[in-house]
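Let's have the full structure, built from the sequences with the hints guiding it.
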Amino acid sequence: MKQEYTVTVYTENQVGLLNRIAIIFSRRKINIESLNTSPSEIEGIHRFTIVINEIEDVVRKLVRQIEKQVDVLKAYFNTNDQIVWQELALYKVPTDEIAEKVKVERLLREHGARAVVIRKDYTIFETSGHREETDKLISVLEPFGLIEFVRSARVAIIKESAGFHLKLREFEQAEPSEEAVENEYLDQGKDVFVM
Amino acid sequence: MAGGLRSKIIVMETIELKPATETKKEPTTTISGSEAVLNAMIAEGVQTIFGYPGGAIMPIYDALYDYSTRLNHILVRHEQGGIHAAQGFARSSGKTGVVFATSGPGATNLVTGLADAMIDSTPLVCITGQVFAHLLGTDAFQETDVINITTPVTKWNYQVTDATEIPTVLAKAFYIAKTGRPGPVLIDITKNAQIQQFEYNGYTPCTHIRSYRPKPVVRKKYIEEAAKLINEAERPFVIFGQGVILGKAEKEFKAFIEKAGIPSAWTILGLSALPSDHPLNTGMLGMHGNYGPNVLTNECDVLIAVGMRFDDRVTGRLDKYAKQAKVIHLDIDPSEIDKNVKTTVPVWGDCKETLPMLTALLEQKMYPQWLQRFKDCTQKEEEEVIREELNPSGDILTMGEVINTLNEITKGDAIIVTDVGQHQMVACRYAKFNKSKSNVTSGGLGTMGFALPAAIGAKFGAPERDVIAIIGDGGFQMTIQELGTIMQSNVNVKIIILNNRFLGMVRQWQQLFNERRYSFVDIQSPDFVAVAKGYRIEGKMVSERKDLKGALQEMLTHPGAYLLEIMVGKENNVFPMVPQGCGVSEIRLK
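Chains as they are written, first to last, in numbering that gives the first Met the number 0: chain D, 0 to 194; chain L, 0 to 589.
In case anyone wonders, no lab produced these hints; they're calculated from the structure.
A quick note: this is a predicted structure, and the numbers were derived from the prediction, not measured.
A portion of the hints provided could be inaccurate.
In silico DMTMM-like pairs for lysine to aspartate or glutamate, Cα to Cα no more than 25 angstroms straight-line [claimed, not checked]: (1) D/28 to L/337; (2) L/171 to D/70; (3) L/351 to L/223; (4) L/220 to L/257; (5) L/338 to D/3; (6) L/171 to D/171; (7) L/341 to D/55; (8) L/341 to D/3; (9) L/319 to D/56; (10) L/171 to D/169.
Take a look at the structure:
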């Protein structure tokens with residue numbers, strides 16, 4: 000069954016690697032729902048967070064192909080209940096509407112929105128959360144003249160993860176320990192994709 | 000200028016042809032990026048480079064002028080020819096092939112070869128020139144985005160814009176190309192970096208990249224589980240691929256099957272890893288493979304795959320493939336495990352290491368009844384297909400009898416390079432081999448035009464051996480220009496054109512599946528012998544049985560390159576055949 004999977008990839012900071020990873024999906028005509036690249040807990044190591052809708056078998060194969068890339072240190076995949084994730088959303092609304100209508104103020108507060116910029120002509124609010132939450136605020140603000148909306152890619156933390164520091168130390172050794180073997184999830188069946 | 004030349008000479012004297020394992024600290028000298036490229040080649044033990052010059056790679060070629068006694072550069076006629084030659088070199092020698100090409104069209108002409116090397120796991124290092132760094136992205140003359148074009152068809156690629164990066168990047172390139180599952184690496188070097196003078200501290204080969212695991216660690220647990228399955232099996236069957244050759248594990252493989260007594264069959268790229276006459280060699284797998292290995296894949300109880308990747312041409316329909324069997328898969332590339340066929344026990348690792356570990360745990364066994372099943376199948380195939388193919392009742396020559404006659408002369412000692420199509424299937428089915436690394440063909444990508452340049456490279460990779468290219472009349476015309484390379488570099492390759500005046504494989508499919516609607520397969524050819532003569536290559540055409548053996552002998556004893564065109568039956572088909580969409584046990588004998 001297709002469901003949302005979050006793929007977390009630890010990589011070297013290398014020009015062209017984004018493309019190398021992206022084409023693993025596009026070659027198989029798999030749509031990337033969201034993609035975020037950012038620094039990780041370790042300086043010099045990048046972290047990709049990729050969201051796709053697929054069946055587990057396909058995701059597992061994709062992750063193996065990603066991990067096979069020379070500049071990729073490690074890739075994990077998780078279902079939504081294994082991660083904590085957020086997306087950031089920005090909303091631009093006419094200031095007079097907000098200022099005049101008490102109702103709007105209350106709605107914004109209910110959705111945990113925060114004003115980032117207040118100008119005479121418009122105000123920008125931000126909120127973060129899951130897609131449904133940020134989506135809901137769109138429909139709430141629409142009647143009040145939502146001018147612009149944008150949402151970031153998902154960023155996610157794997158609940159069970161102990162971070163990458165230890166792993167990296169193993170990777171830096173010329174002879175990897177058994178734990179450092181790539182694709183170690185292969186022998187752990189289903190609930191492996193936790194660190 | 001004089002100072003520059005002197006420093007050049009110092010470098011040439013101090014770097015000897017050393018194996019790549021030694022770190023040599025040079026007294027710091029100033030050299031150009033181009034010289035650093037060539038020093039890297041020498042330090043890595045490269046002796047032969049296939050290439051074609053052009054504007055953006057001119058500084059490297061200028062440096063090559065001074066290195067021409069240390070590095071043998073073969074001028075090809077087209078960059079595609081260059082990269083296929085490098086592939087042939089890598090396949091016959093077991094070393095890394097090296098290609099030089101210029102930017103733009105030079106680089107794009109490499110793409111087919113890169114894709115071919117990628118899918119067939121051939122170690123290559125390709126150096127392409129690139130426009131000056133400040134011109135990148137300006138649509139400059141002969142600028143193309145080589146890195147992005149080649150990303151899907153390279154194991155790794157990198158653009159160098161600063162000469163100081165060259166020694167480390169090339170060290171990485173050679174390391175990545177050769178280790179783990181081998182593959183092509185492309186390094187794109189901007190012209191300014193080639194020209195740039197920099198402080199050179201010598202060349203240090205790469206031995207470790209933290210993000211790169213060339214081979215997974217072997218797990219004892221899986222070795223034990225696999226051994227248990229094999230020891231308990233009643234009808235075990237081994238299928239092997241090029242992994243055995245790439246891992247240089249032919250001996251280990253032979254010891255493994257001999258101790259376990261298991262019948263074995265090969266994929267097209269695994270061919271020659273096990274001698275043809277080995278009693279446990281049951282033949283070829285897949286679409287045009289032998290009858291027994293295909294049918295009995297669906298009757299074995301334990302299927303042991305060694306260094307092969309379950310290509311669709313091997314498996315046929317996956318949901319009808321070895322469903323009854325427990326599958327043990329030995330592979331160095333973890334992403335191959337479970338990719339196409341679900342594995343019961345994955346034995347990941349280098350088969351050079353895993354095979355002996357496995358062999359140690361096996362009981363000495365034989366399966367006479369099971370082996371007899373294979374023999375019975377061979378008998379059936381012999382009667383229904385092979386006999387007529389090798390000893391035809393009609394007057395017209397068949398491809399099979401050409402290969403069979405060739406076997407009588409070469410005794411299985413030659414390197415056979417094949418192109419793609421019917422002649423390839425026939426050659427792989429019937430050619431005999433005693434030695435590993437003797438079968439060079441484009442397996443995964445199926446690149447027509449591969450054989451002629453690959454044969455050139457194969458000869459440089461194994462100069463002491465006979466190299467025979469077997470090519471169809473269609474494929475030969477795709478890279479016919481490489482006859483010029485053979486002429487200029489005096490490459491002693493023997494070329495057999497099996498001419499059936501058709502694009503035979505497509506025609507066979509059109510006959511079988513498209514009601515004989517022969518759509519654009521009746522290809523016309525020039526007078527091949529006359530073309531060869533134009534390149535000062537000796538040649539002959541034969542069409543009659545009485546002339547065949549003599550002509551083959553004449554070809555092989557001729558002191559230089561030789562082209563032999565052999566006219567074969569126009570509408571012969573290759574059988575057996577697993578039709579597309581069918582399971583392996585539905586293989587057709589006619």
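Status of the hints after comparison with the structure:
For the hint pairing residue 28 of chain D with residue 337 of chain L, the CA-to-CA distance comes to about 20 angstroms; that is within 25 angstroms, so the pair holds. Distance hint between residue 171 of chain L and residue 70 of chain D is fulfilled; the C-alpha atoms sit about 12 angstroms from each other, no more than 25 angstroms. The hinted pair formed by residue 351 of chain L and residue 223 of chain L meets the criterion: a straight-line CA distance of about 17 angstroms does not exceed 25 angstroms. Between residue 220 of chain L and residue 257 of chain L, the direct Cα distance comes to roughly 23 angstroms. Compliance with the 25 angstroms bound is thereby established for this hinted pair.
At most 25 angstroms may separate the alpha-carbon atoms for a hinted pair to count; residue 338 of chain L and residue 3 of chain D meet this at roughly 21 angstroms. Restraint check: the Cα-Cα separation between residue 171 of chain L and residue 171 of chain D comes to about 16 angstroms, which is no more than 25 angstroms; the hinted pair holds. Restraint check for residue 341 of chain L and residue 55 of chain D: the C-alpha separation of about 14 angstroms stays at or below 25 angstroms, so the hint holds. For the hint pairing residue 341 of chain L with residue 3 of chain D, the CA-to-CA distance comes to about 24 angstroms; that is within 25 angstroms, so the pair holds.
Simply put, residue 319 of chain L and residue 56 of chain D have alpha-carbon atoms about 19 angstroms apart, close enough for the 25 angstroms limit, and the pair holds. Restraint check: the Cα-Cα separation between residue 171 of chain L and residue 169 of chain D comes to about 20 angstroms, which is no more than 25 angstroms; the hinted pair holds.
Violated hints are absent here; each numbered hint is respected by the structure.
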